[in-house]
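Take a look at the letters that make up each chain.
There are 4 protein chains.
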Amino acid sequence: MKHSSDHSSNDASGSTRPAPLPRSAYRHFVPLTTRWLDNDAYGHINNVVYYSFFDTAVNGALIEAGALDFLRGDTIGFVVETHCNYFAPLAFPQALEAGLRVAHVGGSSVRYEIGIFASGAPETAARGHFVHVYVDRATGRPVALPEHLVKVLGELE
Amino acid sequence: MKHSSDHSSNDASGSTRPAPLPRSAYRHFVPLTTRWLDNDAYGHINNVVYYSFFDTAVNGALIEAGALDFLRGDTIGFVVETHCNYFAPLAFPQALEAGLRVAHVGGSSVRYEIGIFASGAPETAARGHFVHVYVDRATGRPVALPEHLVKVLGELE
Amino acid sequence: MKHSSDHSSNDASGSTRPAPLPRSAYRHFVPLTTRWLDNDAYGHINNVVYYSFFDTAVNGALIEAGALDFLRGDTIGFVVETHCNYFAPLAFPQALEAGLRVAHVGGSSVRYEIGIFASGAPETAARGHFVHVYVDRATGRPVALPEHLVKVLGELE
Amino acid sequence: MKHSSDHSSNDASGSTRPAPLPRSAYRHFVPLTTRWLDNDAYGHINNVVYYSFFDTAVNGALIEAGALDFLRGDTIGFVVETHCNYFAPLAFPQALEAGLRVAHVGGSSVRYEIGIFASGAPETAARGHFVHVYVDRATGRPVALPEHLVKVLGELE
Numbered sequence: 001m002k003h004s005s006d007h008s009s010n011d012a013s014g015s016t017r018p019a020p021l022p023r024s025a026y027r028h029f030v031p032l033t034t035r036w037l038d039n040d041a042y043g044h045i046n047n048v049v050y051y052s053f054f055d056t057a058v059n060g061a062l063i064e065a066g067a068l069d070f071l072r073g074d075t076i077g078f079v080v081e082t083h084c085n086y087f088a089p090l091a092f093p094q095a096l097e098a099g100l101r102v103a104h105v106g107g108s109s110v111r112y113e114i115g116i117f118a119s120g121a122p123e124t125a126a127r128g129h130f131v132h133v134y135v136d137r138a139t140g141r142p143v144a145l146p147e148h149l150v151k152v153l154g155e156l157e
Numbered sequence: 001m002k003h004s005s006d007h008s009s010n011d012a013s014g015s016t017r018p019a020p021l022p023r024s025a026y027r028h029f030v031p032l033t034t035r036w037l038d039n040d041a042y043g044h045i046n047n048v049v050y051y052s053f054f055d056t057a058v059n060g061a062l063i064e065a066g067a068l069d070f071l072r073g074d075t076i077g078f079v080v081e082t083h084c085n086y087f088a089p090l091a092f093p094q095a096l097e098a099g100l101r102v103a104h105v106g107g108s109s110v111r112y113e114i115g116i117f118a119s120g121a122p123e124t125a126a127r128g129h130f131v132h133v134y135v136d137r138a139t140g141r142p143v144a145l146p147e148h149l150v151k152v153l154g155e156l157e
Numbered sequence: 001m002k003h004s005s006d007h008s009s010n011d012a013s014g015s016t017r018p019a020p021l022p023r024s025a026y027r028h029f030v031p032l033t034t035r036w037l038d039n040d041a042y043g044h045i046n047n048v049v050y051y052s053f054f055d056t057a058v059n060g061a062l063i064e065a066g067a068l069d070f071l072r073g074d075t076i077g078f079v080v081e082t083h084c085n086y087f088a089p090l091a092f093p094q095a096l097e098a099g100l101r102v103a104h105v106g107g108s109s110v111r112y113e114i115g116i117f118a119s120g121a122p123e124t125a126a127r128g129h130f131v132h133v134y135v136d137r138a139t140g141r142p143v144a145l146p147e148h149l150v151k152v153l154g155e156l157e
Numbered sequence: 001m002k003h004s005s006d007h008s009s010n011d012a013s014g015s016t017r018p019a020p021l022p023r024s025a026y027r028h029f030v031p032l033t034t035r036w037l038d039n040d041a042y043g044h045i046n047n048v049v050y051y052s053f054f055d056t057a058v059n060g061a062l063i064e065a066g067a068l069d070f071l072r073g074d075t076i077g078f079v080v081e082t083h084c085n086y087f088a089p090l091a092f093p094q095a096l097e098a099g100l101r102v103a104h105v106g107g108s109s110v111r112y113e114i115g116i117f118a119s120g121a122p123e124t125a126a127r128g129h130f131v132h133v134y135v136d137r138a139t140g141r142p143v144a145l146p147e148h149l150v151k152v153l154g155e156l157e
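Residue numbers (my numbering), protein chains in the order written: chain Y, 1 to 157; chain D, 1 to 157; chain B, 1 to 157; chain C, 1 to 157.
One chain only, chain Y, in its complex shape (with noise of 0.2 Å):
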């Protein structure tokens, strides 16, 4: 698939499709092992691992530098909107990497682009975006992002 500067191409219909990034669109790396379940009847990875990748991604990267604590913390980020592109079939037994960069920092919300990358590739074989809010943990009501959570977000913009 070839792609623009702006990282999208144009279908028959004039709609624009977004294209792959390559691995400078990131800012941290996240190795990932896949498994035999991850490919499904046609032998790839099915579309629905990719959000698992994501989920991983996001959620490794927070616990890894001390911003999310699942079990004990008061405020918990709830998954508002996810989407994805699929540019090229990866399957079982691949080593992969999620590629992750903070694109929006709002009041209770952060926006995280991902790219799944084959281990060491170029290009992203499929890429998208995680929306987080933070909630109370007690009463599901946004909340204002905690301090120590916007400086980390900070590191990966």
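Think of the hints as simulated: they come from the structure by calculation, not from any bench.
Just so we're clear, the structure is a prediction, and the values are computed from it rather than from any experiment.
Wrong hints could be hidden among the right ones.
[Said to hold, decoys possible] Cβ pair distances, simulated, as ranges:
#	chain 1	residue 1	chain 2	residue 2	range
1	B	63	D	88	17 to 25 Å
2	Y	94	B	17	30 to 38 Å
3	Y	74	C	89	17 to 25 Å
4	B	107	D	22	51 to 59 Å
5	D	22	C	89	41 to 49 Å
6	B	104	C	122	29 to 37 Å
[Claimed, not checked] Which chain D residues face chain C? A few, computed with CB under 8 Å, are given here:
#	residue
7	36
8	37
9	39
10	40
11	41
12	43
13	46
14	48
[Said to hold, decoys possible] From chain C, some residues computed to sit far from chain B (all C-beta separations above 12 Å):
#	residue
15	67
16	101
17	152
Glycine included, each C-beta is placed from N, C-alpha and C at the ideal position.
Let chain Y serve as the given structure and place chains D, B and C on it in line with the hints.
Then chains D, B and C, alone, in the frame of chain Y:
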């Protein structure tokens, strides 16, 4: 994605966000049982699992209508784009339903809209879309949609 | 595991192998819908997924009977042993049923036998067991089974 | 949990229970990354997921050794029995390892023993077995193990 005024909302930044849709937005409904492992560490069905519901609703409807033979068919649908907005949490052991509608049929692609409902609920707890491009199984190159598939899709529009 | 003569078979090496069981071997049945991703690269429901059915049947029955509050309960069941024998392949989009029976209630443990049936089939396509040890949620140490649980388990024996 | 030299322990009822094994019990190790969704509502890796690790260790070792072509091979391994004992909880984002050993090679079947370790840990957090019967892909009937496979299995005993 364009949204009509009554199915979107403005957030603080002025951009529009999708809103829940009623049952009448979908043409075909598929019952779904949930599983213990669908609930993640927060006790709700994880965002990833909704895409398994999408996948299941689309492929299940096609198989039921005799429009998909995933073991022997010469052409298969590859997923090129998926998207989901989440409005309200769901949790095992709730029973669910997926609503399905064909939104666009192109030369070699199909766009499905899917809504996830708590069983019998009037509005989607989550909704999104799913785009298939049909390819030749051996070469992986896009092909025209099979005639029988186009007929089946017409009944879901 | 001891097997009675009519539910086992001898293989070439002289050891006994479990054999399918009839519906009468179970006390409680749980309907299960299958998912596209349950099918692995061979086009059958993957061996892993059966354990998700086991987990779902056990926890679902307990929640339904008011014997498990997984969000707030002081005691929770930790899984210490699981086992499955597979007799015949199943595949999405088949509808399934899990049959459940309590086989042993100990001081702090419960052993469940579970059978997976194609919906309405007379014999298990797979069957196995699942052992819970009840622990204090805070300390992780074994505790006596809660009284209400013991009563519910008695109805499943 | 204490374990005797035969790697089993007696419980109150007099039956023996498997106990953890050291790294020396396995011949081949496979690194595994965990995923957010592996953690269930109790915040630990769910019992089901261990079988995905088993499946991945076995099939990954065979593919790496050139002994499994899951897309085009004439003979494939069907799983007929799996078993797991769980000794200590694990949780995302821990890195893990699967240890693998071939325990028995029959005419058309193979029994693998698998141990799951926290990365670098001296003893299994869980361990079990996994039995493959090789069948003709087209007929589903058992066949003799392919010669190259037998050679690969010999190196894992």
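To see whether the hints hold, each was checked on the structure:
Hint check: residue 63 of chain B to residue 88 of chain D, Cβ distance near 20 Å, so the stated range 17 to 25 Å holds. A C-beta distance of roughly 36 Å is found between residue 94 of chain Y and residue 17 of chain B, which places it inside the suggested range of 30 to 38 Å. As the Cβ distance of residue 74 of chain Y to residue 89 of chain C is approximately 23 Å, the hint placing it in 17 to 25 Å holds. Between residue 107 of chain B and residue 22 of chain D the beta carbon distance is about 52 Å. The supplied range of 51 to 59 Å therefore holds.
At roughly 43 Å, the beta-carbon separation of residue 22 of chain D and residue 89 of chain C lies within the given 41 to 49 Å, and the hint holds. Evaluation of the 29 to 37 Å hint for residue 104 of chain B and residue 122 of chain C yields a pass: the beta carbon distance comes to about 32 Å. Here the hint on residue 36 of chain D is kept, as its CB sits about 7 Å from the closest CB of chain C, short of 8 Å. A hinted interface residue such as residue 37 of chain D counts as satisfied when its beta carbon comes closer than 8 Å to some beta carbon of chain C; here the least separation is about 5 Å, so the hint holds.
Evaluation of the residue 39 of chain D hint against chain C yields a held restraint, the C-beta minimum of about 5 Å falling below 8 Å. The interface hint given for residue 40 of chain D holds, since its Cβ lies 6 Å from the closest Cβ of chain C, which is under the 8 Å cut-off. Restraint check, residue 41 of chain D versus chain C: the minimum CB separation of about 5 Å is within 8 Å; hint holds. A cut of 8 Å between beta carbons decides the hint on residue 43 of chain D: the least distance to chain C is about 5 Å, and the hint holds.
With 8 Å as the threshold, the beta carbon of residue 46 of chain D comes within range of chain C, its nearest partner Cβ sitting at about 5 Å, so the hint holds. Taken as an interface hint, residue 48 of chain D checks out: its beta carbon lies about 6 Å from the nearest beta carbon of chain C, inside 8 Å. With a closest Cβ-Cβ approach of about 16 Å to chain B, residue 67 of chain C is found to remain outside the 12 Å limit, as its non-interface label requires. For residue 101 of chain C, the shortest C-beta to C-beta distance to chain B comes to about 19 Å, beyond the 12 Å cut-off, and the non-interface label holds.
For residue 152 of chain C, the requirement that its beta carbon stay farther than 12 Å from each beta carbon of chain B is met, with the minimum near 19 Å.
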